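Using the numbering used here, you'd call the opening residue of the sequence shown number 1 and step up by one each time.
Because the hints were derived from the structure by calculation, they are not lab data.
Predicted model only: the values in this text are computed from it and were never measured.
Just to be clear, a hint being listed does not mean it is correct.
For lysine-lysine, the following DSS-like pairs were computed, each having C-alpha atoms within a straight-line distance of at most 25 Å [what the hints assert, rightly or not]:
#	residue 1	residue 2
1	134	145
2	110	84
3	99	77
4	105	93
5	105	84
6	77	105
7	77	93
8	105	116
9	84	99
10	99	110
11	116	77
12	110	77
Ranges between beta-carbon positions, derived for each pair [what the hints assert, rightly or not]:
#	residue 1	residue 2	range
13	38	140	17 to 27 Å
14	191	36	54 to 64 Å
15	205	163	53 to 63 Å
16	61	113	11 to 21 Å
17	55	123	16 to 26 Å
18	109	65	13 to 23 Å
19	173	47	45 to 55 Å
20	136	158	26 to 36 Å
21	116	55	23 to 33 Å
22	58	99	38 to 48 Å
23	170	136	43 to 53 Å
24	112	90	22 to 32 Å
25	119	47	31 to 41 Å
Each residue gets a CB set at the ideal place from its N, CA and C atoms; glycine is no exception.
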Amino acid sequence: MVKQSILGRISQLMRANVNSLIDQAEDPQLMLDQLVRDYSNSIAEAEDAVAVTIGNLRLLEQDHEEDVTAASDWGRKALAASAKADEFRTAGKASDADKFDNLAKVAIGKQMQSEKEARTAEPTIASQNEVVEKLKVGLDGMRQKLGELTSKRDELIARSKSAAAQSQVHDAMRSIDVLDPTSDLGRFEAKVRREEAKVMGQQELAASSLDTQFESLEDLGTQTEIEARLAALKTGTTELTATPRRAISE
Numbered sequence: 001m002v003k004q005s006i007l008g009r010i011s012q013l014m015r016a017n018v019n020s021l022i023d024q025a026e027d028p029q030l031m032l033d034q035l036v037r038d039y040s041n042s043i044a045e046a047e048d049a050v051a052v053t054i055g056n057l058r059l060l061e062q063d064h065e066e067d068v069t070a071a072s073d074w075g076r077k078a079l080a081a082s083a084k085a086d087e088f089r090t091a092g093k094a095s096d097a098d099k100f101d102n103l104a105k106v107a108i109g110k111q112m113q114s115e116k117e118a119r120t121a122e123p124t125i126a127s128q129n130e131v132v133e134k135l136k137v138g139l140d141g142m143r144q145k146l147g148e149l150t151s152k153r154d155e156l157i158a159r160s161k162s163a164a165a166q167s168q169v170h171d172a173m174r175s176i177d178v179l180d181p182t183s184d185l186g187r188f189e190a191k192v193r194r195e196e197a198k199v200m201g202q203q204e205l206a207a208s209s210l211d212t213q214f215e216s217l218e219d220l221g222t223q224t225e226i227e228a229r230l231a232a233l234k235t236g237t238t239e240l241t242a243t244p245r246r247a248i249s250e
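Required output: the full structure, derived from the provided sequences and hints.
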């Protein structure tokens with residue numbers, strides 16, 4: 001049951017859909033940090049459990065090897081006792097022969113017991129080997145999943161920082177947008193434009209005043225000429241253009 005629960009837990013963790021978890025999380029970075037911690041802790045616990053399982057398997061294998069070795073040793077002892085019994089029987093020492101035959105039987109019984117224990121352990125050892133291999137594969141999968149989670153977390157953090165930086169740049173650029181009349185630069189530009197308009201108005205006003213002065217001078221010259229002609233008429237010194245009388249009478 002312990003081994004099966006370990007396998008079930010490993011399988012559940014390996015089937016975790018990281019992208020789905022990220023989509024459902026309110027704060028993906030915190031969720032990924034927690035997942036990384038959970039996976040790391042689960043991997044550490046699973047490694048301990050798998051290590052115990054492997055240790056128990058190695059003990060079973062050692063016991064099996066000892067049973068196989070013991071069966072072989074008892075087989076040699078049985079053979080040696082039987083051979084000794086044959087020697088005594090050939091020599092006519094029946095009692096000694098029976099004694100060694102009995103020892104051979106005892107050794108054979110021990111051999112059979114060791115062989116039975118070895119055979120009984122073999123299916124368990126085979127099954128445990130399969131479980132250990134599955135656990136190892138599961139652990140490898142968990143480590144790969146942990147690497148995926150770590151990579152996702154690092155990628156998300158980098159993207160989050162990049163988005164924050166872009167947002168700051170965007171806000172900074174928007175705050176200095178000269179087309180924005182509410183910005184400081186926009187107000188300054190409006191002030192400059194008003195000053196420029198004032199200068200143009202002053203220049204136009206100055207030009208208008210100068211033209212008026214010249215027009216006054218021209219009017220003064222005309223009036224002066226009129227006065228001069230009038231004075232000439234009064235003194236009779238002007239030459240008037242008139243039609244001759246003779247031409248009229250004719």
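Hints the structure fails to honour: none
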